Each structure stands twice: as C-alpha cells, then as structure tokens.
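> Sequence:
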Amino acid sequence: MSFNTSSQPYEVDECRGVLRVYSDGSIVRSSKPSFDVPINDDGSVLWKDVVFDSLHDLRLRLYKPAAAAHNPASSTKLPVFYYIHGGGFCIGSRAWPNCQNYCFRLASELRAVIVAPDYRLAPENRLPAAIEDGFAAVKWLQNQATSDEPDEWLSDVADFGNVFISGDSAGGNIAHHLAIRLGKESPEFGPVMVRGYVLLAPFFGGTVRTKSEAEGPKDAFLNLELIDRFWRLSIPIGESTDHPLVNPFGPFSSSLEEVVLDPILVVAGGSDLLKDRAENYARRLKDWGKKIEYAEFEGQQHGFFTIYPNSEPSNELMSIIKRFINENSS
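According to UniProt numbering, the sequence shown is numbered sequentially starting from 1.
Heads up, some of the hints might be wrong.
[Unchecked claim] Derived Cβ-Cβ restraints for the label pairs, each shown as a range:
no., residue 1, residue 2, range
1, 207, 258, 48 to 56 Å
2, 289, 40, 37 to 45 Å
3, 238, 66, 43 to 51 Å
[Stated by the list, open to error] The calculated lysine-lysine pairs, modelled on DSSO-like cross-linking and capped at a C-alpha distance of 30 Å, are:
no., residue 1, residue 2
4, 322, 139
5, 211, 139
6, 211, 77
7, 291, 184
8, 139, 77
9, 322, 291
10, 139, 48
11, 218, 290
12, 32, 48
13, 48, 211
14, 290, 322
15, 77, 218
16, 286, 139
17, 218, 291
18, 290, 139
19, 322, 184
20, 218, 48
21, 218, 32
22, 184, 218
23, 211, 291
24, 77, 322
25, 322, 218
26, 32, 184
27, 77, 32
28, 32, 211
Simulated from the structure, these hints should not be mistaken for lab results.
These figures come from a predicted structure and were not determined experimentally.
All C-beta atoms, glycine included, are put in the ideal place defined by N, C-alpha and C.
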C-alpha cells in the first residue's frame, strides 16, 4: 500500500530554528530561544514582568539596579532607557537570555531603569503591528507617570522626564518610527519626556541593494538571504521593501527634512550588511540639520554588542551610550 504525500504541508520558511512557516500557511514557533546562553543574574539588578497591553497579551520586562531599590527615598531618580529587541520583526523576545543579559548590563552600567517590551511578531502580525506596540509601550509609561496608584517598584526610582528609547535591529526600526511619531520632546506624552534615541544596527531596507548588502560576506551572522526572508515575512502582503516602514528614504516615504527630532545616536558594525543603510540614514539626517551621532565599529558583525557583550567594542559602545545619555539628560 502506498500513500500520496503530495498534499502534505511542507516547510517554506525557517528563521533561526524558532519559526517555521509551512505551505498551507500554518506556523510553528519553538519556545526555545535561538541564543541559548546562560543567564547572568547575580542579584545586582532587580527585574519583573508587567502586562502593558492586555488586549494582545503583551508584556514588558523592567530592570533597575538593586542599590537604587534599597534607597527609594533618594532624591536622585534614574533615567528610563527602553531596549526594544531585534529579530527581523519575526523572532525574539524580552525573555530570551541574550536580551535579558544585555538588559542586566544596561541597568548596571548606565545606572538606569530599563524597559524591555515585547511586540507582536510576523508573519502572524505583519507591520505596522510591531510599531504600534512600541508606541503602546511608551504610552504605558505615561500612564504610570500620571496614575494616582502607580507601580511604586518603578515610580520610586524612575525619572519620567529623562527617557531614552533604544532599539536593536528591528527594534531600531521601531525606535526610528517612534522618533518621527512622537516628535521633539514627545509633547503628547507629558510628563514623560523623551530626550534621545539610540538606534543599534537599525533594520532598514530597500529594493536597490547597497554596497554592503551586495558585497558583504555570504556567511555573515545576518546574511542577505535571511534579511530578505525577514522582510518577506514581515512587510504588508503585496508591498516591496520600498514601503515607508522599511525604507525611510524610499520613493513612497514622506520627507524627513522638515521633521524636528530629538538627538539620535546611530550604531553600526563595520562588517554588518546593514551598515551602509545605517550610515546613509545618519548622514542624510545630519545634512538636514538634525542632531545625529554615528558610531561605527570596524570589523564588527550585526548585533555584536549582545553576541559578545564583554568584548572591547561592546565596552566602548556602552561608554558611548552612557555619554549620550549624560549629554542629553535634563
């Protein structure tokens, strides 16, 4: 007896072992993270999870230095630093150990409250879902700042007037769109005031290849095939990578020349295939008079700061972020 298996679903897309898409449209996600590394929780940083969007069951993870928690009466409040994870809009989580370890380090070295939100992932939830969720995560902070019954775990130590929004890869794309949407000093979110943005290897695209994309190493951590796959799974169906949510300077994107922005720090690895897009982004905004700082790390791959968090380039980047916060705080 033989069986006809031609109608059986087959795998059409796979992303780092945790997302599989099949020919019948079904999707299987693994609960195991792509980066299965030990969690470095030594107790010097306290953390907890909070629901910020009950409709979509979205959570964020809060971190603060334990020393600050032991002295809540201190008149010195800590800046709030958002860390929006990466993953091509398709994978990743605030709870992945690589994300958690980096947030431990950010909280400790920046001496800040870290807010690490999740967002809806593609292809189940294509763009702009992730960007809307980033907006909701900042709106949640405003609700805390204005509530008659705020979460004292946060409100006792957080300086709501000194907020910085950072994003890693896809999170960097989200941070860019928040910068455009919120405008300078985020007037609609008072008393929360955003003072600056940190775009860590931002995930931008376009139909015309850049030199770093076309000539970058085939074995790069984020190679061109994976870049294309992430975009194919995350952009609205029927759209191209010149969609305004993908390409800030594409043929369908509104001009940013007249937009007034908070200071932005753009970070790229010299061997990252996305490097040219990050550099072009920073240069064009700076040419239009925006307060932009660009930091490139020679020889470094995409996401080097979380893959090798204790390397010399990662340490240098942490110093740059710390200075950026100090220079732009109130």
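> Output the indices of the hints that this structure fails to meet, ascending.
Numbers 1, 5, 6, 11, 13, 15, 17, 20, 22, 25, 26, 27 and 28, in rising order.
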